[in-house]
Every structure is written in structure tokens, then in C-alpha cells.
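Model the full structure from these sequences, guided by the hints.
4 protein chains.
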Amino acid sequence: MQHFDSDYMEGAHPLILERLAEINMNKMPGYGTDDICKSAADKIRKACACPEAEVFFMVGGTQTNATVIGSALRSFEGVIAAKTGHIAVHEAGAIEHGGHKVITLDHSEGKLEAEAVKNYMEGFFGDDTHPHMVQPAMVYISHPTEYGTLYTKAELEALREICGRYNLMLYLDGARMGYGLGAESTDVDLKVIAENCDIFYIGGTKVGALFGEAVVIKKPNTIPHFFTLTKQFGAMPAKGWLLGTQFDVLFTDGLYLSLGKHAVGLAMKLKNAFIEKGYKIFIDSPTNQQFVVLENEKMEELSKKVSFGFWEKYDENHTVVRFATSWATKEEDIDSLIEML
Amino acid sequence: MQHFDSDYMEGAHPLILERLAEINMNKMPGYGTDDICKSAADKIRKACACPEAEVFFMVGGTQTNATVIGSALRSFEGVIAAKTGHIAVHEAGAIEHGGHKVITLDHSEGKLEAEAVKNYMEGFFGDDTHPHMVQPAMVYISHPTEYGTLYTKAELEALREICGRYNLMLYLDGARMGYGLGAESTDVDLKVIAENCDIFYIGGTKVGALFGEAVVIKKPNTIPHFFTLTKQFGAMPAKGWLLGTQFDVLFTDGLYLSLGKHAVGLAMKLKNAFIEKGYKIFIDSPTNQQFVVLENEKMEELSKKVSFGFWEKYDENHTVVRFATSWATKEEDIDSLIEML
Amino acid sequence: MQHFDSDYMEGAHPLILERLAEINMNKMPGYGTDDICKSAADKIRKACACPEAEVFFMVGGTQTNATVIGSALRSFEGVIAAKTGHIAVHEAGAIEHGGHKVITLDHSEGKLEAEAVKNYMEGFFGDDTHPHMVQPAMVYISHPTEYGTLYTKAELEALREICGRYNLMLYLDGARMGYGLGAESTDVDLKVIAENCDIFYIGGTKVGALFGEAVVIKKPNTIPHFFTLTKQFGAMPAKGWLLGTQFDVLFTDGLYLSLGKHAVGLAMKLKNAFIEKGYKIFIDSPTNQQFVVLENEKMEELSKKVSFGFWEKYDENHTVVRFATSWATKEEDIDSLIEML
Amino acid sequence: MQHFDSDYMEGAHPLILERLAEINMNKMPGYGTDDICKSAADKIRKACACPEAEVFFMVGGTQTNATVIGSALRSFEGVIAAKTGHIAVHEAGAIEHGGHKVITLDHSEGKLEAEAVKNYMEGFFGDDTHPHMVQPAMVYISHPTEYGTLYTKAELEALREICGRYNLMLYLDGARMGYGLGAESTDVDLKVIAENCDIFYIGGTKVGALFGEAVVIKKPNTIPHFFTLTKQFGAMPAKGWLLGTQFDVLFTDGLYLSLGKHAVGLAMKLKNAFIEKGYKIFIDSPTNQQFVVLENEKMEELSKKVSFGFWEKYDENHTVVRFATSWATKEEDIDSLIEML
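Chains as they are written, first to last, in our numbering: chain A, 1 to 341; chain B, 1 to 341; chain C, 1 to 341; chain D, 1 to 341.
By construction, these hints were calculated from the structure, which means they are not laboratory data. Please note that a few of the clues may not be correct.
For identical chains, the list gives no copy identity; a pair is met inside one copy or between any two copies.
As the list claims (entries may be wrong) - With a straight-line Cα cutoff of 20 Å, these simulated PhoX-like cross-link-like pairs (lysine-lysine) come out:
1. LYS271 with LYS298
2. LYS313 with LYS118
3. LYS27 with LYS38
4. LYS304 with LYS27
5. LYS305 with LYS271
Set out below in C-alpha cells:
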């Protein structure tokens with residue numbers, strides 16, 4: 001049985017396990033105050049060309065989104081997101097639990113367009129009753145999106161421009177960032193992200209780490225007392241060095257990027273096979289998630305040998321399914337999958 | 001200058017002021033434990049044909065919605081509302097501040113259709129990831145809606161049926177309920193509302209009271225410790241009898257209904273005048289709010305002599321405006337407005 | 001039966017009822033944007049010698065405390081209060097519901113001493129683990145306190161000094177402020193309060209108004225977007241002018257102060273009678289609340305003719321009870337009470 | 001340099017690292033739905049003699065406390081804790097951030113006595129104003145406590161009895177539970193804990209795991225929709241099997257208990273050395289944390305060669321310090337420390 005259900009099915013890249021084993025019995029200070037966390041943060045700052053940025057390590061994506069958004073916003077403020085955004089759908093109301101409205105706008109293949117934000121903000125300030133409404137203060141995007149799509153540099157800059165005009169923070173959820181950075185023709189690298197976003201996180205859980213997300217706050221003190229806030233949100237691990245170590249390895253010798261490229265390369269091979277064999281591609285994703293329309297019969301047949309994700313019903317006889325590769329996928333697995341198509 | 005901006009521009013019906021003056025120096029126990037509150041609650045229970053219902057008096061609409069919804073839902077639960085619902089737009093995120101997501105669905109002239117709720121719930125349970133999502137536990141509607149429209153008895157029953165099927169509470173915001181009950185051809189009276197809703201409130205602030213809303217919880221203990229919860233939400237007035245007195249007067253000799261009928265009668269007169277004079281009616285509202293399309297020139301001309309609400313742009317040359325009558329509107333005011341059309 | 005249970009048993013001073021009746025049918029804009037609210041705010045600013053202060057009108061004390069404190073604090077911040085403070089005990093956790101810890105310190109007859117705050121803050125910053133703790137950001141006091149006691153000018157200045165040193169806001173709950181201002185030998189007037197506090201409220205509900213509290217924020221924009229926040233907390237009445245009108249009357253011709261003096265004068269008469277007749281005074285209160293130790297037999301006998309508040313058990317045979325006078329108490333009521341002692 | 005600062009300075013027991021490495025490239029389903037989590041849960045249920053219990057795995061202590069308490073309580077409810085309780089002091093207000101008051105009572109060497117809870121509850125219901133107060137619904141204790149002390153079986157039963165009488169849940173924070181279970185003369189084992197507590201967690205982070213806490217809910221559905229709630233609180237790791245695996249190893253062949261015994265054995269050796277050498281023991285702790293009074297000169301001298309925790313000032317010339325052993329402490333480290341005393 002082959003598994004393409006998701007990109008968080010395996011543990012960690014062997015170099016990470018090795019390093020964790022090496023330092024296992026070292027005595028380390030707690031709460032991310034250790035030297036490995038410092039080293040990892042330095043490497044991330046360098047990769048982002050943000051020498052002043054604050055870097056915090058957290059355990060998972062929902063936790064990170066809830067902590068960052070809940071900490072950055074004041075009580076009367078809300079966050080704008082695409083209707084399909086992870087915070088809008090699949091975090092069990094974590095943002096609202098923290099007291100904030102997720103203001104959802106229409107999307108384009110999972111992407112929030114600058115134009116949509118602009119229209120919302122113009123309508124907002126054009127409405128005399130807006131002091132009775134939640135004040136938008138942040139824009140949330142993910143890169144790659146839930147649909148595996150990517151923003152271009154120009155699109156990020158357009159969002160940046162609108163955010164600047166309306167005093168909105170731009171926050172990027174990079175749970176799968178490695179698979180965006182590793183895409184073939186993307187013009188968005190970590191520096192472009194850091195130039196355009198106020199806060200973002202670099203996902204480890206889905207890209208080679210056992211677990212862990214690295215939050216980058218470009219301008220220090222954007223969120224005052226963030227250390228205390230991470231404690232309040234239950235997002236401060238006692239053994240912060242477990243996280244620091246993993247990112248230290250991932251940001252050594254370009255490992256993070258190369259893991260991303262590996263997964264994307266295999267995803268492109270699979271996508272091309274789908275196209276060659278006449279399958280309908282549901283969304284043209286340049287990253288590790290591939291969305292394909294399968295005849296229901298074919299889907300059932302395949303599901304006996306391969307596991308994948310159900311996405312949505314396409315029509316009476318067809319279904320959209322998702323195949324996800326990861327840093328751990330082997331070329332032979334892809335090859336044998338292609339043979340079954 | 002005539003004013004048709006809203007229905008909360010005046011104080012209270014003279015009978016209420018008289019009664020408040022009469023008992024002004026009486027010594028009353030606090031927190032709604034007095035006999036006048038009991039009397040008012042009894043009259044409301046009788047009018048609703050709900051002999052067991054709990055009745056609580058609160059000060060304003062947003063406070064009432066925040067308190068009821070925030071108290072009724074558990075942390076993981078959300079409330080379904082029309083996109084145009086007051087809680088979704090004009091309460092500054094009070095529901096989210098209480099920790100709950102407002103799940104917004106499309107509407108039909110301000111109304112939430114049973115079919116829309118059914119489709120949402122089917123999709124919800126049809127999605128394997130729903131345990132990662134906010135669990136819908138309540139449906140919020142308003143009657144009249146933000147557009148002045150009314151549910152029919154059949155529509156309420158259809159919502160009730162769907163709510164029953166999916167174990168959702170049905171909560172009705174009756175900020176303008178009097179103007180719904182007083183509509184000419186409605187088949188929805190208080191008993192129909194009580195039969196179909198689990199919780200609702202009868203609006204006083206906009207219908208003859210200085211201020212005040214009466215919350216009716218049909219089945220006792222639907223919200224355990226609701227007394228304490230109203231305190232926690234800042235919704236328990238020390239002098240509860242101020243509220244009880246007003247509702248006691250409103251529910252004596254059918255005053256509440258007659259105030260509603262008065263306002264609706266004048267609104268119908270105005271609507272007919274608009275139609276006769278060839279104006280386009282934007283929404284066919286049977287209640288005290290009338291939405292009309294005005295040429296921009298006409299709008300400017302009128303606005304020198306009459307005040308009304310801007311609703312939305314219709315096209316380059318036209319605007320939708322709202323004229324609201326109230327229990328306090330005089331026939332002569334309507335007549336002189338009609339002359340200006 | 002005479003009633004001395006509390007100071008919120010009656011309606012409003014007749015001048016307020018008269019004024020409300022006079023303007024009852026005037027058409028007023030909503031949400032406190034009317035001219036009467038402006039006039040009332042101006043009078044309050046003048047009385048406080050704070051020409052720049054923001055003034056907001058709310059309905060009740062718990063609502064006001066929850067809204068002010070919840071709006072002023074950020075997520076990681078808490079408020080320091082006496083253990084006996086209203087927010088610490090009798091608001092059903094409204095402050096915690098808004099997400100904030102009430103840090104309780106020992107008190108002296110209901111008063112929070114500057115020394116206690118200083119010691120707490122020194123200990124806090126002396127503890128290396130303080131980044132893992134709630135960050136104190138505000139000091140809450142009430143004047144008069146729950147025990148009817150008053151701060152002196154020097155005590156307020158000492159608190160102010162400590163608050164300045166540790167960057168704490170000083171917030172004063174003046175639910176019964178009139179009965180403090182009207183005390184015989186107090187050196188604290190509204191100007192002294194305004195000089196030393198960042199935010200405070202002037203209580204109307206217990207001092208001559210039907211209901212209503214006037215929040216004074218000395219430095220504009222201390223709480224950004226407070227208008228929207230009051231909406232979010234359910235604390236923005238549609239008919240703000242109902243509140244503005246009452247404070248406009250209370251702050252005309254010194255009515256507020258004279259109501260306070262009236263109640264305190266009668267309370268002093270009662271207190272002296274207690275002392276003369278050999279009763280033990282539990283707390284030496286200079287305001288409208290008098291705490292006396294009664295023999296249980298005497299208490300039962302009295303309670304057949306007079307109602308009063310049970311405070312606490314004193315010993316096996318004695319009980320502490322509270323007699324409260326108000327702006328509405330008549331001298332003859334006090335005289336007949338004295339006769340019964 | 002020897003380090004006795006805390007018990008979370010090292011990674012994981014080698015058997016855990018080995019097992020994680022073994023299964024590293026296995027493809028596992030997410031969110032704790034895998035077979036290893038099931039196996040670990042079964043072993044825990046068996047160790048607790050609770051065949052029906054629900055077991056959930058979370059990452060850290062504050063997260064676990066916030067999630068369990070915030071999920072179990074309704075809006076109007078609070079949790080009783082010792083003043084020194086972790087949730088009352090060192091979780092940055094995480095419980096209040098979730099909307100709940102921590103009601104703090106006096107303690108006895110870190111322990112909350114049944115008598116203290118009883119007195120509070122009697123006072124609460126004896127006070128007529130209690131409907132205006134936070135309703136106590138849970139008792140929080142930790143075992144071992146912040147001071148390393150342990151409840152006896154009789155003490156737990158006494159708490160259980162009071163909790164039953166007043167319908168309070170009993171929740172036990174077992175961040176260091178292994179060091180309690182491993183104490184020499186304790187009569188409290190996992191079964192005793194499970195018999196007396198409604199919910200508790202077994203700490204892994206400090207007792208041999210890389211990270212992780214296992215929450216045991218004795219009676220299924222005590223917290224409805226707890227799966228969704230853990231998501232909302234950001235406490236549901238995508239790779240739940242990372243946690244399950246660690247607990248599966250810890251609960252195989254009695255490893256968890258033996259790690260606890262190891263640390264406690266060395267702590268006792270150290271404690272006896274302190275006593276023999278004439279040091280004053282600050283608290284008689286039977287667990288891995290030892291609190292000793294050092295002369296300041298001695299403290300400074302020692303601190304050049306050994307690190308330990310500052311606890312509190314004892315007097316002008318003495319300080320209370322904490323030495324913590326752990327599952328990873330070596331006997332030779334203790335021996336060389338003893339030599340320095």
C-alpha cells in the first residue's frame with residue numbers, strides 16, 4: 001500500500017534525528033534560551049535577510065496561528081482571510097476562541113487577491129456604520145495555499161501595498177513553505193517573503209522536522225511581551241532546544257530548500273504523468289499537493305492499492321482527490337503509482 | 001425637519017413614563033427580583049403561551065445577543081446566521097469576543113432559509129474533517145430582518161424542523177419584533193414564535209420603551225446559571241424593575257401590538273405613496289422600514305427637508321435609502337413627507 | 001417597613017424624570033452623538049478640570065468595569081485589586097471572562113495601600129520567572145470602597161506615584177462616588193480624582209439617576225477605538241441621550257454633590273445615634289454605608305420593622321449589618337429608625 | 001559544571017529515541033488516530049485500572065492545563081487552586097485567558113487541603129450574594145506539588161469526598177507525576193489517583209520523554225467534543241504518534257515508574273547528605289526536588305561549580321535554593337555534588 005494522504009505522515013529527516021540523539025544527554029536551559037535556538041534563529045535571520053527579526057519556535061500550525069494572531073490583534077480588531085483559509089475553516093474556531101473575527105473574502109484558487117482586500121477596505125471605510133464593526137487589522141495568507149497554489153512576487157507586493165495603505169499587518173502562514181520555496185518557477189524566496197510580510201512562519205512539521213514552526217517577526221517588538229504571550233497561549237515548550245535543533249539542521253547547507261525541491265520534483269513527475277494519461281487536473285498546483293479529477297470507478301480501483309485524500313465531489317461520476325508528496329517520498333513510490341494510473 | 005432615520009430616536013410611550021414616575025420613590029429590591037418584573041414576566045409568558053418559560057430583562061440588543069449566544073454555546077460551538085445578520089456585521093465582533101464563530105450563510109432579502117441551513121449541515125457532516133471545525137449549535141435569525149422582511153409561519157417551521165434534525169437551538173432576535181407582529185398579513189404571532197424558537201427576545205428599545213429587551217427561554221434551564229451569566233456579561237441591571245415596569249406596561253391591554261400596528265400602518269401609507277408616485281421599491285418590506293430607490297438629485301433635494309438612512313448605492317444615478325417609522329411617528333409627519341415626494 | 005438595604009432601591013431624582021419627560025418626543029440621534037451628551041460631557045470635564053478628557057456613558061457598574069478594564073489591557077496584562085474589590089468578588093468573573101487576571105492584594109478596610117502595590121511590584125520584578133507571569137498593568141480601586149471607606153488625597157497621590165513608577169494605569173470605580181465627594185471631612189474632590197487617576201467613572205445608578213455611569217478617560221486615546229470597544233462589550237446604548245440627559249441634570253447647579261451630601265448627612269446622624277446608644281461600629285465609614293455590630297436578638301427584633309443588609313457573622317451572638325442611606329432617604333425615616341434602636 | 005536547575009534539561013530516555021528512529025519512515029495517520037497511540041492509551045488505562053478512560057496526548061503542561069480546564073468549565077465556572085499552584089502563578093494567565101477565574105486558597109507546603117476547600121464552599125453557599133460570584137466547579141491540585149510534596153491516599157480521598165459533596169471535578173496536574181509515584185513511602189499509585197480524580201495528566205516532558213503529557217479522563221464524555229476542543233486550543237499535534245510512541249515506551253516494562261524511582265533515590269541520597277552535614281532542609285520533600293537553606297556565602301561558592309534554582313530569600317544571610325534530580329541524573333553527579341557541600 002502506497003500512501004499519499006498528506007505530507008505529515010513521517011518523522012524527521014535523518015540528520016535531525018542524528019543531531020537530537022547526539023545532544024540528548026546535554027543539559028540545556030529551558031524556554032528557548034539556549035545556544036542552539038540562538039544559532040537556528042541566526043541562520044533563519046540570515047536566510048531571510050532580516051538581521052533584526054525576532055524568531056520564536058512553536059510546535060504546530062494551529063497553535064502558531066492562534067498565538068500570533070491572538071497576540072498581535074487588539075480586542076476590537078479582526079483578521080482578513082480567504083474563505084478557504086486554514087484559520088477560517090480547519091482550526092476549530094481557534095481565532096474566535098481568542099476573541100477575534102476572521103473576516104472572509106472570496107479567493108482565487110486559494111489565494112487572497114490584493115484587489116479583494118482593497119475592495120473590502122474601501123467598502124468598510126465607505127460605510128458610515130463602520131465604527132460598529134470589527135476593525136480589520138491584519139491580512140492572513142498561506143503560501144502555498146490550501147490548494148497548493150503560490151503567490152507571485154508581484155502579488156505579494158500588491159498585498160503589501162494595500163496593507164500599507166490601510167495599516168494592516170501582513171501575516172503569512174508557511175506550514176508548507178518549503179514546498180513553495182522549492183517550486184520550479186517561483187520568484188518568491190524567503191527574502192521576498194520577509195520583504196513583504198510583517199510576520200510569517202516557516203513550517204517544519206510538514207517539511208522534514210519531527211514537529212515545529214519558526215515564527216519570524218520582522219520588526220522587533222511588533223508584538224510586545226510576545227514571550228509571555230506564547231506562555232499564555234500554551235505555545236512555549238519547556239525544551240525549546242528540541243525545536244531550535246531541528247531548525248538549526250534544516251537551515252544548514254540548504255537542507256530546508258532541498259527537501260522542498262525533492263517533494264516538488266516528484267509531484268511534477270506525477271502531475272505530468274496524470275496529464276499524459278489524459279486525466280483532468282483540477283487545479284494547476286506547482287507544489288507538492290496535486291489535485292486531480294478521477295472517475296469514481298478508477299478512484300475505487302486505485303484506493304485498493306494507494307491511499308490519497310478525498311477533496312470534493314466533482315460531478316455524479318467524478319471526484320477530486322489530492323495526492324501529496326513530501327520530503328520523504330521516494331521516486332520508486334511515484335513510479336509505481338504512475339504505473340497504476 | 002422631519003426625521004425618519006431610525007426607530008429609536010424617541011423616548012418611551014407616555015404610559016411608560018407615567019408609570020415610572022408613579023413608582024419612582026418606591027423602594028424596590030434589586031436585580032429583577034421584584035414583583036413588577038414577576039408581573040411583566042407572567043404577562044409575557046401568557047402572550048407567548050409558554051407557562052414555563054424563563055424571562056430575563058436586558059438593556060440593549062447587542063448586549064442581549066452577546067449574553068444569550070455566549071451563554072448558550074460551549075467553547076467549541078458556533079452560531080449560524082445570515083451574512084447580513086446583525087451579529088455578523090454590526091456588533092463589533094461581540095460574539096467572537098465571547099469566543100464563538102458566526103458561521104455566515106447566504107440570505108434571501110435578509111432571511112435565512114431552512115434549505116441553506118440544511119445544505120450547510122449536510123456538507124458539514126459529509127466532510128470527514130468536520131471534527132476539526134467549529135461545531136454549529138445554534139441558528140440566529142431576526143424577525144423582522146435587517147431588511148424589514150418577515151418569516152412566514154411555514155418558514156419558521158421549516159427552520160425548526162432542520163434545527164431539530166441537527167440538534168441546533170433556534171434563536172430569534174426580535175429587536176423590532178413589534179413591527180413584525182403588527183404587520184398586516186403576517187401569520188406569525190408571539191405564540192408561533194414561541195412554538196418554533198428555543199430562545200428569543202422581544203424588543204422594547206425600538207418599540208415604545210425607553211430601553212429594554214425581554215429574553216424568553218422557552219424551556220427552563222436551557223442555559224444553566226443564566227442569572228450568574230447575565231452578571232458576568234454585564235447585562236444584569238441593578239434596578240431590574242426599570243425594565244420590568246416598561247414591559248409590564250407594554251404587555252397590558254395589547255399596547256405592544258398596537259404600537260407595532262401604528263408604525264406599520266404609517267409605513268404602508270408611505271410605501272403606497274412611493275408606489276403611486278412611480279418610485280422603485282427596493283425590497284418589499286411589510287414592516288416599519290421601507291427601502292426605496294431614489295434618483296440622486298431627488299435624494300439631495302429631499303435631504304434638505306427630511307432625514308433618512310443611506311442604505312447602499314443602487315447605480316450611478318440612484319441610491320437605496322431607508323425610511324423608518326416608529327411607534328412615535330405621527331400621521332401628519334407621513335402626510336407632509338408624502339407631499340414632498 | 002423601612003428599607004435601608006441598599007442605595008439603588010429608588011428611581012431617579014425628580015428633576016431627571018422631569019427632564020426626560022420634557023424631551024421624550026424629541027428626535028435624537030443615536031449612540032451618544034447628540035447634543036445633550038455633549039453638554040453633559042462638557043459639564044463633567046469642567047467639574048473634573050480635565051478639558052481634554054473623553055467622557056463615555058454606560059449603563060451599569062459591572063458593565064463599565066468589564067468594558068474599561070477589558071479594553072485597556074492587552075492579553076498578557078492583569079489588574080491589581082484589593083481582595084474585597086467588586087471586580088474580585090461580585091462581578092461573576094466578568095474580568096476573567098474578558099481574559100484578564102485580577103491580582104488580589106490584602107486591603108485595609110477595603111482600601112488598597114500604595115505600600116501593598118509597591119511590595120507586589122518589587123517582588124514581581126525581583127522574581128526571575130516573572131516573564132512567565134501575568135504582567136500587572138492597572139490598579140483598580142473604588143472610592144468609596146466596598147466598606148464605605150475613603151481614600152485621602154495623600155493616599156491617592158501615593159498610589160499615583162507607585163503607578164507612575166511601574167507604568168500602571170490607575171482606575172477608580174466610582175459607583176458610589178457621590179457619597180464620597182459628599183463626605184464631611186474628605187479632601188478628595190473630582191479634581192483630585194482626575195489629577196491622580198487615568199480613568200475613573202462617576203456613578204449615577206446609586207446617586208440620583210435611574211441608571212448610568214460616566215466614564216472619564218483623562219488623556220484622549222488612552223484606549224484606542226473605545227467607541228467600537230463599547231459596542232463589542234454590549235455597553236453602547238442606542239439611546240445614549242437617556243444617559244447624557246441624566247448626567248446633564250446631575251451636573252447642573254451642583255445636584256450630584258448635594259445628593260451625596262444629603263445621604264451622608266443622614267448616615268452620620270444614624271451613626272451618631274448608634275454610637276450614643278452604645279452600639280459597636282464595625283468600620284468607621286464616613287459615607288452612606290454604615291456597618292454596625294448588632295446582638296442577634298436585637299437584629300431579629302429590628303428586622304421585623306426595618307430591612308438592612310447582612311454583612312458577616314461577628315461572633316456567636318453578634319452580626320455585622322449594613323444600613324445604607326441614599327439621595328432619596330428622608331430624615332423622618334432615619335428618625336424613626338433611631339427610635340427603634 | 002554540574003546542573004541541578006530543573007528536571008527538563010535533557011532529551012529523552014534512550015529507548016524512546018531508539019523507538020522513534022525505528023519508526024521514523026513509517027507512514028502514520030495523523031491526529032492521534034494511529035495504532036501506537038491506541039497501544040499507549042491501552043497501557044495507560046491498564047496502569048490506571050480505568051478500562052473506560054479516554055486518553056489524549058498533548059505537548060506541554062501549560063497547554064494541557066489550559067485545554068483541560070478551559071474545556072471542562074462553562075463560562076460562569078471557576079477552578080479552585082492553591083495560591084502556589086502552577087496555574088495560579090506561572091502560566092501567564094492562561095486560565096484567565098480562557099475566561100475562567102482561578103480561585104486561590106491557602107496551602108500547606110504546596111498542598112490544598114480538603115478542609116480549605118470545604119470552608120470555602122461552605123462560605124460560598126452561606127453567602128446570599130453567591131449567584132453574583134464565579135461558581136466553583138473544579139479543584140486543581142498537582143502531585144507532586146510545586147514544593148515537591150505529595151498527597152497521601154487519605155488526603156486525596158478527603159478531597160474526593162468534598163468534591164463529590166459540592167459537585168466539583170477533581171483535576172490533578174501530574175507534570176512530575178513519575179517522581180511522586182517513585183517516592184519511597186508514598187501510598188499513592190496510579191490507581192489511587194484514578195480512583196479519586198476525574199481528570200489527571202501523566203507528565204512525560206520532565207520524566208523521560210522528549211516532550212508530552214498524557215491526559216486521562218476517567219469517565220468518557222466528561223468533556224464533550226474534547227477532540228475538537230484540543231484543536232481549538234492548539235493542543236492537537238498533527239503527528240500524534242510522536243507522543244503516543246513515547247508513552248508507549250514509558251508504559252512498557254514499568255519504565256515510567258523506574259525512571260521516577262531513579263531520580264528520587266538520588267534526591268534522597270542528596271537530602272541525607274545535606275542533613276548529615278547540618279544544612280537546614282526548607283521543606284521535607286520526598287521527591288526529586290530538594291529545597292535547602294544555604295548561607296549566602298556558601299551559595300555563592302557552590303554556584304561557581306554547580307547550577308541550581310533560586311527559590312526565595314530566607315533571611316539576610318540565607319537563601320532557599322532548589323536542587324532537582326531527574327531520570328537522567330547520574331549517581332556520580334550526586335556524589336561529586338555531595339563532596340562540595
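A quick look at each hint next to the structure:
no.	hint	verdict
1	LYS271 with LYS298	within (17 Å within a copy, 60 Å between copies)
2	LYS313 with LYS118	between (32 Å within a copy, 18 Å between copies)
3	LYS27 with LYS38	within (16 Å within a copy, 32 Å between copies)
4	LYS304 with LYS27	between (48 Å within a copy, 16 Å between copies)
5	LYS305 with LYS271	within (19 Å within a copy, 61 Å between copies)
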